[in-house]
Each structure stands twice: as C-alpha cells, then as structure tokens.
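So the sequences go chain by chain: Z and F. Each step along the first sequence adds one to the number in this note's numbering, with nothing skipped, and position 197 is 197. Each step along the second sequence adds one to the number in this note's numbering, with nothing skipped, and position 195 is 195.
For the record, the hints were derived by calculation from the structure and aren't laboratory data. Remember, predicted model here, so these are calculated numbers, not experimental data. Mixed in with the good hints, there may be bad ones.
Pairs of lysine-lysine, BS3-like flavour, derived with a Cα cap of 25 Å [as the list claims (entries may be wrong)]:
| id | chain 1 | residue 1 | chain 2 | residue 2 |
| --- | --- | --- | --- | --- |
| 1 | F | K100 | Z | K357 |
| 2 | F | K228 | Z | K110 |
| 3 | Z | K357 | F | K43 |
| 4 | Z | K130 | F | K210 |
Incomplete in silico selection of chain F near chain Z, CB under 7 Å [what the hints assert, rightly or not]:
| id | residue |
| --- | --- |
| 5 | A212 |
| 6 | S256 |
| 7 | K259 |
We put the CB at the ideal spot given by N, CA and C, even for glycine.
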Amino acid sequence: MLSDEGVRDIRRQRFLSLLVDWFIYLFTLAVIHAILKYKIKNFKEFRREAQAALKKHRGPLIWAANHLTMVDSFLIFWASVPWTSAFKDSQIPWSTPEIENYYYMGSWLKKYSIRSLMYLCRCIPIARNKSGKEGRDGRQDVSDKCAWILKEGGSVFVFPEASRARNGWFDRHNPKDFLGRLALEAPKAKFFCVYLRGEGQFYSTPTPARGESFRAYFKMLPAVVEGETTPRQISNRLFNVLGDLQDHWFEAALMLKNCSGNDLIDLKAPHALEHFEEDNEENTEWILRHLTDKEAAYWKAQPLDKRFSVFWKFFAAKEAASKALERSGISIPLGAFHSFETDLFTSKVIHRPTGAKLNIAFTDEDQDKIHCIAVFRGGAVGGDDIPGDILWSIDELPPQENPGEYVRDRALYFIAEASDDIPSPASLAVSIQNGLPVVYRSGRLLDISLSLSHSGRYVAYSFMIS
Amino acid sequence: MAFKRKETVIEATDLNTITPEDAESRIIAGVKKYATNEPNWSKADANTPYLGHIIGMGIESANLADITMSIERQFLTKMTRRVPIEGTNDFRLEEGELGKLRILDGQDATAATPGLSIKMLMDFRHMPKSESYLSKVVGFAYISSMGEGYRLNESLKKLMSRIERLTDNEKAEAVQNLKTMVAQAKNYVNDISDSKRFAESKQKAYLLDKAAHDNLTGELALLQDKIKGLSSSNDHERVSALNAEQAELKTRIKMSSDKLRVSSEIASAADRRSPIEEAKVLEITSLISSTVAQAEKIS
C-alpha cells in the first residue's frame with residue numbers, strides 16, 4: 001500500500017513531466033534521427049497498429065519488452081507513440097531503471113543532470129541488487145508505486161527479463177514473477193508486449209550501432225485471464241507471447257536464429273592423456289595456456305584426481321561455445337582459449353572480447369568421454385526442469401571409418417529420425433558455409449545449427465529444433 | 001641450449017642463425033606427432049594448413065597449443081626482455097639476452113600454416129624479415145577461405161555420388177539440394193576470384209569486430225562514470241566491486257584489440273593478392289568449377 005507521501009511524490013513527478021513532455025519527445029526524436037540515424041523498417045505499419053491498439057484500450061497498461069540495449073524504452077516509445085499523443089498522460093509509461101546504472105554517473109553536474117532527466121521521463125529508480133531490509137523495502141516501495149499508477153489508469157514500462165539479455169535471446173523458459181504480481185494488483189490492465197531489435201544486434205550492447213535498422217512487433221493481451229491465480233501463471237503466458245514475437249522477428253532476420261555448438265572429448269585418447277601423465281612444468285604450462293586466471297584458480301583448487309576431467313570440461317565448453325558464436329557471425333581467432341571464460345557452477349561461458357554469454361550443459365559424461373553443448377541464441381540448453389531445444393547423439397566410430405564423413409552421415413540420419421516430415425536422410429545434404437556445417441532440404445537452408453565433433457573413438461553431433 | 005621433452009632432447013636454435021626455410025622444415029618436423037593425416041604431413045610445405053583433413057595435416061584443435069609450444073621449444077630468440085604494458089598485467093617482449101622463444105597469447109591467431117608461423121616470428125621480430133620468403137606464403141585470409149572451398153568441393157562430390165544411388169522422390173529432393181549447392185559453389189568461385197569482392201567480405205568481419213570493440217570501450221566509459229559518481233559516496237564495497245569490474249573490462253578490451261588487430265590485418269591483406277595466392281585461388285576455383293560442371297549435368 002502506497003503511503004500518502006508516496007502518492008504526493010508520484011503526482012508531483014507526473015505534473016512536472018507533463019510540462020516538459022513535448023520538449024523531451026522532440027529532443028529524443030532529434031537524437032534518434034539526426035545523430036544516431038536509427039530507422040525502423042516497419043515503422044508506419046507498427047505505429048499505426050500500435051496506436052490503434054493503444055487508443056482502443058482506455059485502462060491501465062503494462063508495457064513489456066525484450067531488453068538488449070540501454071535505450072530500448074526510448075526506442076519503443078518513439079516507435080509506438082507519435083508526438084501528437086506524447087501529451088496524453090495515459091500513453092506515457094513510467095519506468096523502473098536500475099539505480100546503479102543511471103543515478104551515479106560521473107561528476108556532480110552530470111549526475112544531477114541525468115537524475116533530473118530521468119525524473120522528468122517518469123523514472124522510478126530501483127535497486128535490484130541491494131540486499132537487506134533497506135533493499136527489500138525499497139523494492140516494495142517501487143512495486144507499490146507501480147501498482148498505484150496502474151490502479152489510477154496509468155501505464156508502466158517493464159522489462160520482464162529484469163536485465164539486458166547478454167546472450168541476445170529472450171528466454172521464454174525463465175519467467176520472472178514480478179510481472180505476474182503487478183498484473184494481479186491491476187487485473188483490468190493490459191499487457192502491451194513489444195519485441196524490438198536491430199538487424200545487427202547480435203548480443204546486448206550499451207546502445208545499438210549508429211545507423212541501425214530495427215524491426216518491431218507487438219501484441220496486446222489481458223493482464224489476467226480467467227483461471228490465472230498465481231504470478232507464475234501470468235508470467236509464463238507473457239513470456240510465451242514475447243517468445244513468439246521473437247520467433248516472428250527472426251523469420252525475416254538477416255542473422256540466423258539458432259546458434260548452438262557441441263564438443264566431445266575422448267578421455268582415453270592419447271592427446272587427452274598426454275599432458276596429464278606427468279606433473280611437470282611444461283605440462284602445467286600447456287594446461288594454463290587454455291585457462292583464464294579464474295579458471296586456473298578453480299582448476300588448481302580441485303583434488304588431483306579431478307583435475308583431468310575438470311580441465312577437459314573447460315576445454316569442451318570453450319570449443320562448443322566458439323562453434324555457437326561463430327554461427328552467430330562473431331569470428332573467433334585460432335586458439336583463442338583465453339577469450340572464453342567458463343563458470344562450471346552456473347553453466348555459463350562468457351566470450352570476453354564481446355561480453356556475449358552462452359549457456360552450456362554437459363551430457364553423457366562418464367569415465368570415457370565428456371560432451372558439452374552450448375547455446376548462444378535460438379532456444380534453451382535445457383536443464384533438470386526445463387526441456388532443451390538442442391538434440392544430440394554420440395556414437396562410437398567404427399574402425400577404418402573416416403571420422404569427418406561418418407559424423408556427417410550419422411548426423412543426417414539423426415536429423416531425419418527426429419523429424420516427422422523428413423522421410424529419409426537422402427532428402428538432406430550437408431554443405432559448408434562460413435566454415436560451419438549447414439543442412440539443406442529440397443534446396444532450402446535449414447536453420448538448425450548443426451554441430452559436429454570428433455575425438456578419438458567417438459563422434460558427436462547436435463542440432464537445434466526451436 | 002637443450003630442452004628435454006620426455007625422452008627426446010631438442011636442441012634449440014637461434015632464429016637469427018638459420019634461414020626461414022630451415023625454420024619451416026623444423027616446424028613441420030616438430031608437429032609430426034600431432035598430424036593425423038600422414039600423407040598430407042609428409043608432403044607439407046609453407047602453405048599446408050595444420051588443421052583439416054582434406055589438404056591439411058589433420059591436427060586437432062586440441063593440439064593448437066602443442067603446435068605453439070613445439071615452435072617455442074625449437075628456437076631461441078633475443079626478444080626476451082619483458083616490458084610491462086601500462087594499466088594491465090600483460091607485458092610485451094623487447095630485445096634482450098638470447099633465450100627461450102615465447103609466443104604471447106593471441107600472437108599465433110593467424111599462424112594456420114608453417115609459413116604463417118614463420119611470418120608470425122618475423123612480425124614479432126624474433127627473426128629478420130625476408131620478403132623473398134614471405135612472397136611464397138599464402139596469407140591467412142586466403143588459407144581459411146580456400147580451406148572452405150575444398151570442403152565445399154568435397155560436399156558437392158559426396159552428394160553427387162549419393163544421387164546416383166537414389167530414385168524417385170528422394171532423388172528429386174537430393175537434386176534440389178545439389179542445385180542449391182551448385183549455386184553456392186558458383187558464388188564462392190565468384191567471390192574468391194574477385195579480389196575486391198573478397199576484400200569487401202573481410203572488411204565486413206573487421207567492421208563487426210570494430211563495433212564490438214567500440215561497445216566495450218563504451219561500457220568502460222560508463223563504468224568509469226559510475227565509479228566517479230560513486231566515489232564521493234560511502235559505499236566502499238560497491239566502489240571496490242566496480243574497480244574489479246573495471247580491471248576485467250580492461251583485460252577484455254585488450255583481447256578485443258588483439259582480435260581487431262587480426263581482423264584488420266586480414267581485411268587489409270585481402271585485396272593485395274600475391275602471385276602465390278593468385279595461383280592457389282586458380283587451383284581451388286578450377287577444381288570447384290570442374291565439379292560444378294559435372295554437377296550441372298546431373299541437375
């Protein structure tokens with residue numbers, strides 16, 4: 001429940017923001033057009049339809065969008081609302097930016113200029129990472145303010161993921177409950193779901209590149225539908241809608257949607273054992289050439305009998321991640337092992353030169369082999385309670401077989417077997433594009449992110465079916 | 001100076017006392033144990049890729065560090081004096097006493113063949129530059145693109161041989177695939193034959209890396225702004241966390257700079273095609289064109 005003082009604060013902020021709305025809108029427009037030279041490919045169609053939907057709904061509104069850059073909310077507002085509507089109180093959303101990202105920037109003058117601008121842009125800062133009672137109370141206060149705004153018929157802008165997606169992918173399998181809670185506070189509200197992305201936006205960056213060309217899609221849906229009683233039910237529905245909008249965006253995208261990779265290590269192969277047979281300076285140096293400082297510290301902290309498999313886990317994760325990233329258009333130089341940092345605890349790999357993050361999983365792990373799958377975008381790597389979008393298989397390599405040819409043939413059988421509408425592997429063909437294997441069917445490229453790996457006695461292959 | 005490697009004692013040689021050709025032979029001999037394609041290894045020259053099975057020596061990517069360490073074991077250099085790079089934990093090597101060769105992280109990013117390994121040693125001043133030797137070395141941009149050409153050619157041949165055994169619908173679908181692959185192969189031939197077009201494609205990769213680098217620099221500026229803004233507050237814990245983040249970001253920017261250096265070199269070398277690169281391009285385009293001609297008879 002918002003206090004009287006809180007209500008007065010919101011009313012004062014709303015009044016002041018209405019006074020300068022036109023100026024801020026024109027300023028944003030000038031920056032977007034003249035300096036950043038952004039354009040939205042489907043601008044007219046998007047704005048016309050968005051305006052029709054926004055005008056049709058007169059009640060409270062929750063804007064919910066994917067999050068890749070720090071200026072997403074400005075871009076979405078510009079795409080959806082013409083300057084003629086920029087004065088309409090109900091169409092101007094309130095935002096909840098992270099306090100650490102915006103409110104302590106630079107010198108005194110800069111800091112207070114930004115704070116003033118954010119205040120006038122109807123921002124309510126939130127400290128998402130602050131622990132303790134103060135942190136909890138602060139977040140509750142923000143939540144109360146948002147609920148009050150919605151009850152008063154206003155609109156609130158939220159990023160359902162709560163932070164920028166470092167892997168450039170809206171993960172529909174990872175819903176956050178705060179949106180559902182907000183919807184339950186204002187059941188008459190509607191969600192205005194928007195997916196906006198630049199054609200060259202491979203992963204999260206502070207701002208889109210200058211001259212970027214965007215496409216945007218939206219869907220309006222009720223905050224609560226019959227039968228929904230818990231925040232999770234609502235968030236699940238919302239995340240699925242945004243996931244569908246993302247799929248729709250990728251249908252016309254220049255970049256491939258599915259970016260995954262795999263890597264296999266035969267733990268009994270001579271090359272795997274070679275540097276672990278003797279504990280000497282040269283072997284340690286060889287091992288450390290593959291590990292970042294953080295990984296090396298983790299590796300050294302392991303009991304001696306675990307170090308062998310832990311090293312190869314790091315190695316397989318880096319190789320699988322590099323295949324997934326190369327699929328997305330990011331080039332990886334030879335032997336760039338230090339460019340990848342793996343966190344085995346959180347099952348994430350970060351590509352340090354770009355900041356891109358990947359999800360990984362180890363499968364079929366035993367005394368003989370390690371197999372790692374990595375997903376950058378296109379789907380979920382899967383886990384204990386989340387189904388994954390990546391399928392894989394590992395085979396023993398028959399003697400005398402050429403590993404390269406064998407793994408390609410097996411992969412085609414596997415893809416055909418996994419799909420009801422592919423009658424046989426003969427309908428498929430493997431080729432090579434930008435150094436990576438691709439699959440054709442009836443002369444069309446299938447966006448399934450085929451990845452192949454061979455090590456010693458085994459071959460492994462994986463693909464994504466999201 | 002001798003280094004022990006298991007039972008083998010390797011006599012390391014001063015890189016300034018041998019010819020690039022001698023160094024090349026030693027590098028090829030040094031990677032023998034990792035080569036899984038013995039026939040290709042035995043006839044390897046400056047332009048034989050270490051990785052890959054079709055024209056390469058068949059070395060696995062798990063052995064990339066072994067290649068570098070094998071080169072380090074075999075040679076001595078005067079570039080041994082470590083000079084710290086300001087603001088980072090890294091160092092560069094300057095001329096000092098004769099000692100063990102050290103190839104620093106990222107320096108071997110384009111050393112995909114013995115010839116390119118020699119070029120790397122020359123670029124980082126471990127041995128004198130020999131223009132006559134370098135004129136025989138195919139650049140990284142062409143090595144990687146030609147590798148793709150050979151793999152594309154193999155895929156075409158494999159599909160053609162499979163089509164012969166198919167009938168009805170399966171054959172019709174496979175022929176459609178073949179048509180697409182033929183178009184892809186023709187595009188490949190057109191792209192690599194025209195040095196300007198080829199250079200443009202490498203320029204695109206460079207611009208992507210440049211954008212990534214600019215983004216990181218932007219992130220650093222934001223972070224430094226945050227540190228500045230927070231430094232007057234009493235939140236010491238947060239300031240020290242941001243300082244640690246800043247150090248990591250600087251390391252990432254250095255990595256990004258190294259990556260940018262590589263893609264910039266590739267982009268600028270792509271449109272300066274040497275006679276040896278011209279000859280190699282002709283080799284692969286003739287091969288693909290002949291396979292395409294056969295494929296067109298089927299499709």
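Hint by hint, here is what the structure shows:
Of the pairs offered as hints, the one joining K100/F and K357/Z is violated, with about 37 Å between alpha carbons and a cut-off of 25 Å exceeded. Proximity of K228/F to K110/Z is assessed by CA-CA distance (about 11 Å); at most 25 Å being required, the pair is judged to hold. In summary, the hint linking K357/Z to K43/F is not supported, as the alpha carbons are separated by about 42 Å, beyond the 25 Å threshold. Under the criterion of a C-alpha separation no larger than 25 Å, the hint pairing K130/Z with K210/F is inconsistent with the structure, at around 35 Å.
Because the closest C-beta pair between A212/F and chain Z is about 5 Å apart, less than 7 Å, the hint holds. The interface hint given for S256/F is met, as the beta carbon of that residue sits about 4 Å from the closest beta carbon of chain Z, less than 7 Å. Interface hint status for K259/F: upheld, as the beta-carbon distance to the closest one in chain Z is roughly 5 Å, under 7 Å.
The earlier numbered hints that this structure contradicts are 1, 3, 4.
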